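Chemist: Starting from the known structure of chain A, fit chain B onto it as the hints suggest.
Protein sequence lines, in the order shown, are assigned to chains A and B.
The first sequence finishes on residue 411 if you use my numbering, and the numbering steps up by one all the way, no holes.
The second sequence finishes on residue 411 if you use my numbering, and the numbering steps up by one all the way, no holes.
Source of the hints: derived by calculation from the structure; they are not laboratory data.
The model shown is predicted, which means the values in this text are computed figures rather than measured ones.
Each hint should be verified, as a subset may be incorrect.
One copy or two, it doesn't matter: identical chains are merged, so the pair holds either way.
Mimicking DSSO-like on lysine-lysine, the simulated pairs with C-alpha atoms at most 27 Å apart in a straight line are [as the list claims (entries may be wrong)]:
| # | residue 1 | residue 2 |
| --- | --- | --- |
| 1 | K41 | K318 |
| 2 | K32 | K214 |
| 3 | K318 | K32 |
| 4 | K109 | K32 |
| 5 | K318 | K302 |
| 6 | K109 | K318 |
| 7 | K318 | K57 |
| 8 | K6 | K318 |
| 9 | K118 | K318 |
| 10 | K6 | K32 |
| 11 | K41 | K6 |
| 12 | K302 | K41 |
| 13 | K41 | K57 |
| 14 | K109 | K302 |
| 15 | K341 | K359 |
There are 2 protein chains.
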Amino acid sequence: MAKVAIMGHGVVGSGAAELLIDHAATIEKRANEQLEVKRILDLRSFPGLSYSDKFTTNFEDIVSDPEITIVAEVMGGLHPAYEFVSRCLAAGKSVVTSNKELVAMKGAELLALAKAHGVSFLFEASVGGGIPVLHPMTQCLAANSFSQISGILNGTTNFILTKMIREQMSFDDALKLAQQLGYAERNPAADVEGLDACRKICILASIAFGKHIYPDSVHTEGITKITLADVDYAADYGCVIKLLGHAEQTADGRTAALVAPFLVRRDNPLSVVDDVFNAIMVTGDATGDVLFYGKGAGKLPTASAVVSDMIECAKHPGGMIYPAWEDGTAADAADAGKQAFPRYVRCAGVSADDLKAFGDVTVLHRDGGAGELAFVTASMDGDTLETALASVVAAGGHVLGCIRVAAF
Amino acid sequence: MAKVAIMGHGVVGSGAAELLIDHAATIEKRANEQLEVKRILDLRSFPGLSYSDKFTTNFEDIVSDPEITIVAEVMGGLHPAYEFVSRCLAAGKSVVTSNKELVAMKGAELLALAKAHGVSFLFEASVGGGIPVLHPMTQCLAANSFSQISGILNGTTNFILTKMIREQMSFDDALKLAQQLGYAERNPAADVEGLDACRKICILASIAFGKHIYPDSVHTEGITKITLADVDYAADYGCVIKLLGHAEQTADGRTAALVAPFLVRRDNPLSVVDDVFNAIMVTGDATGDVLFYGKGAGKLPTASAVVSDMIECAKHPGGMIYPAWEDGTAADAADAGKQAFPRYVRCAGVSADDLKAFGDVTVLHRDGGAGELAFVTASMDGDTLETALASVVAAGGHVLGCIRVAAF
Numbered sequence: 004m005a006k007v008a009i010m011g012h013g014v015v016g017s018g019a020a021e022l023l024i025d026h027a028a029t030i031e032k033r034a035n036e037q038l039e040v041k042r043i044l045d046l047r048s049f050p051g052l053s054y055s056d057k058f059t060t061n062f063e064d065i066v067s068d069p070e071i072t073i074v075a076e077v078m079g080g081l082h083p084a085y086e087f088v089s090r091c092l093a094a095g096k097s098v099v100t101s102n103k104e105l106v107a108m109k110g111a112e113l114l115a116l117a118k119a120h121g122v123s124f125l126f127e128a129s130v131g132g133g134i135p136v137l138h139p140m141t142q143c144l145a146a147n148s149f150s151q152i153s154g155i156l157n158g159t160t161n162f163i164l165t166k167m168i169r170e171q172m173s174f175d176d177a178l179k180l181a182q183q184l185g186y187a188e189r190n191p192a193a194d195v196e197g198l199d200a201c202r203k204i205c206i207l208a209s210i211a212f213g214k215h216i217y218p219d220s221v222h223t224e225g226i227t228k229i230t231l232a233d234v235d236y237a238a239d240y241g242c243v244i245k246l247l248g249h250a251e252q253t254a255d256g257r258t259a260a261l262v263a264p265f266l267v268r269r270d271n272p273l274s275v276v277d278d279v280f281n282a283i284m285v286t287g288d289a290t291g292d293v294l295f296y297g298k299g300a301g302k303l304p305t306a307s308a309v310v311s312d313m314i315e316c317a318k319h320p321g322g323m324i325y326p327a328w329e330d331g332t333a334a335d336a337a338d339a340g341k342q343a344f345p346r347y348v349r350c351a352g353v354s355a356d357d358l359k360a361f362g363d364v365t366v367l368h369r370d371g372g373a374g375e376l377a378f379v380t381a382s383m384d385g386d387t388l389e390t391a392l393a394s395v396v397a398a399g400g401h402v403l404g405c406i407r408v409a410a411f
Numbered sequence: 004m005a006k007v008a009i010m011g012h013g014v015v016g017s018g019a020a021e022l023l024i025d026h027a028a029t030i031e032k033r034a035n036e037q038l039e040v041k042r043i044l045d046l047r048s049f050p051g052l053s054y055s056d057k058f059t060t061n062f063e064d065i066v067s068d069p070e071i072t073i074v075a076e077v078m079g080g081l082h083p084a085y086e087f088v089s090r091c092l093a094a095g096k097s098v099v100t101s102n103k104e105l106v107a108m109k110g111a112e113l114l115a116l117a118k119a120h121g122v123s124f125l126f127e128a129s130v131g132g133g134i135p136v137l138h139p140m141t142q143c144l145a146a147n148s149f150s151q152i153s154g155i156l157n158g159t160t161n162f163i164l165t166k167m168i169r170e171q172m173s174f175d176d177a178l179k180l181a182q183q184l185g186y187a188e189r190n191p192a193a194d195v196e197g198l199d200a201c202r203k204i205c206i207l208a209s210i211a212f213g214k215h216i217y218p219d220s221v222h223t224e225g226i227t228k229i230t231l232a233d234v235d236y237a238a239d240y241g242c243v244i245k246l247l248g249h250a251e252q253t254a255d256g257r258t259a260a261l262v263a264p265f266l267v268r269r270d271n272p273l274s275v276v277d278d279v280f281n282a283i284m285v286t287g288d289a290t291g292d293v294l295f296y297g298k299g300a301g302k303l304p305t306a307s308a309v310v311s312d313m314i315e316c317a318k319h320p321g322g323m324i325y326p327a328w329e330d331g332t333a334a335d336a337a338d339a340g341k342q343a344f345p346r347y348v349r350c351a352g353v354s355a356d357d358l359k360a361f362g363d364v365t366v367l368h369r370d371g372g373a374g375e376l377a378f379v380t381a382s383m384d385g386d387t388l389e390t391a392l393a394s395v396v397a398a399g400g401h402v403l404g405c406i407r408v409a410a411f
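With the rest of the complex left out, here is chain A:
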C-alpha cells in the first residue's frame, strides 16, 4: 500500500480525494497497489466529510512522515507551493502537481531535484486539465522530433470567443456570462490577457524542445481587443478567431513561443474546438499532426490527471521523470513577437491606395463595414508590419485591429 497526501483541498484537491476514495478498487488494480490518502493539507477544516480526520494545517505532518511516499500539490500559486514541493522531493517523496505557474517558473529546477532524489515529478494536469498530452508526447511520440505545437489552452477565453462567433455576443457580455457560469474569475486578467495560456505553452515548449522556456520570454497578447467586426471579417476569410499558444523551433535552434489571437481557417481541426474545450496539436516529423482534445479544466477532469499521475508514481518507485528538460536562458528564446505571419488588419480613414506598404492583400467584407477597410497580408515580420501600420497613420487613417493569421 502506498500512503499519499494531498496539499490543498480546493476544487482540484477535493476532486482528487473523491476519486482516490470512490475509485479505490480500480486504482488499486491499475497501480498494482492500494493508494491510501493519509493526510490532506488545508488551512480550513471540513467537518462534514467522510475523510475529515485526515486534514492537517501543518505541512510538517506530511514532509516528515516517512510513510507518505506520494504527494499531490494542488494549492496553486508559486508560494508556498514551490517550497513545499522542493522539500517533499528532497525528502524522497514523489510529487505530482496541477500547478502550471509552479511548473512554468520552476520546472527545470524541480525536475533536476526529483532526478537527484530518485523520485518522480509529474504534472500532466498542469496543461489541458484532463486531456492526456505530456505523457503521450514524451512516450508515444518519443520517436519523433517535434517541430511545432499549437493549442487552445484556455477554456475561459475559448468560451468567450465561441459566444462572440456563434451568437454575436460582445466581448463584455460574453465575459460577464463566463463569470456568471463560474468559468471566469471576478478578476479575469490571467485568462483574458493570455497569462494562463502563456504558462501552458511554456510547459509544452519545454517538453517538446528540451530547454526550459520561461513565461517572460513568451510574447503574450490576450483577446480584450477583439471585436465583433473582427469576427465577421474573419468569417469572410473562412476563419474563426481563436486564442492560441504556439511554439516552434527556429532555424538556429531557438524556441519562438507566443500567445495571441489568430485567424484559424475552418479546415484546421483547432477551428472547431468550441466552448470551454481545449485542444493541443503537436507536429512530429514522423507522425505529422496529432491532436488531443477534451475538457481543459474543471474539478474531475483535472483531478483525474492528478490521480493518474499518482498511479504512475506508485508504479515507478524508482522515479519516473519526463525526458531531459534542461534549464534555459533568454538566449534559447527567439522573439516570437516579431515572427513572420500573414496578418489581418482592419483600419479606417484610408483607401486601398494607401496600403502599398502591406504588399499584395486580400480585401475582406462584412455587412455594416462602412468606412472600414479590412484585409489579409502575405506573411510579414513584426518590423515590416510596424512600418506598414505607421504608413496608415501617416496617410491620415487609423488602425482598428491587427491579428495574426495561422499559417500552420
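Modeler: Frame of chain A; chain B shown alone:
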C-alpha cells in the same frame, strides 16, 4: 545498449528501421540507452540499403540470440506472427507490434505470456497508427472508469466517405481513387466491409473494459451500401455519414461493440475528421469526452508508434504491460447489432401513412429525391426496427437504406 530486432521489412518495418537509425541520438536520450538494430527478418533481401548486413531469413537467428532483448513484429497476418511473437515472449524478449489482427485474436493470451515472463507486450501502433491512444487510456486516464469509445478507425473508408460528402463522388469512383492513391488495397474488402475497424474496436474495448472482445462477437457492417442520396439526406439532418467503431458497457456489465456507418451530427468532433485521418473518442467518468486525432496509417506515423513502444520496453526492463485484460467469452459480449439507436431509413413506394410502425419520425429532404421517403426515427432496437421495415414491404414499398444515427 539494447539490441533489437525487427520482424518484417515492409512499409512499417522499413520505417521503423529508418527511425531507429536516423533518430538514434534522440532515441538514446529518451530511452536512456542506445537501441541498436541487430537483426531484420524478411524472406527478401535488400542489397542496396546501408543496413543490408542485418537481414536474416531465419527466425531462429532472432529468438535464439540472447543479446536481442526487444523485438518489433511488423509482418502482419496471424501466422506465423503469432508463433514468432509467442516464442520471443517465452524466450524473455519484450515484443511490440503493429499487428491488429494478432492483438484482436490473441491479445489476452500474449499479454498473459508477457506477464509470466516478466517482459513487455505493447501494441500502440495497432490502433490509430501514429496516434497515441492505448498508453494514454491506460496511464493518463487511469483514474477513470470508461463508459464508451467511438472512433473513426479506418482511413481508407473515411477517405471514400469524405469524397462522397465533399465532392459528390460515387462510392465506386471514390474507391477507385483511393486505390490509385495507394490508400486502398486492390481487394478492398478488409477496409470497406469494416473488418479492419472491427479489429481495432476489439483492442480498444478490451483495454477499456478489461475483458478480451473477439472480432466474431462484434456486429460489423461496411460502407458499400452508402449512396449519395444517403449523404444528401444526412446533410439535411445536419449530419455526415462516418464509419464508426463503437463500444459501450451494457447495464449488465457486458460489452456491446459494433462497426457500422452512422449519421454523425456536425457538432460532434468526429464529424470533422476527414480524409485518411483517424480519431478516437473515449468517454471517462471523470474526464468526460477525450479525443485523439491524427494519421491512422502510413509508414512513418505507424513506425513512430512502433519505435516509441520499443523505447518504453528499454525503459522498463522488468516488463511493462497494459493493465489487467482478462480473456473473455461470448457471454461477455452483448449483441450490439440489436442495440437501440435512432435510425435513418430511406424507402420508396410508400407514403407517410405507411410509417406508423416507426413511431414519430423526422422526414428529410433532398434535391431530386422524387419517389423516395427518408426519415429519422426515435431510438429503436433491432427487433423493433425489423418489424417496422417489414411493414414497409408489406405496404408494397421497399427499403433503400437504413443507417444508425449516433446518439453519443
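Chemist: Which of the stated hints cannot be reconciled with the structure, identified by number in ascending sequence?
Modeler: none
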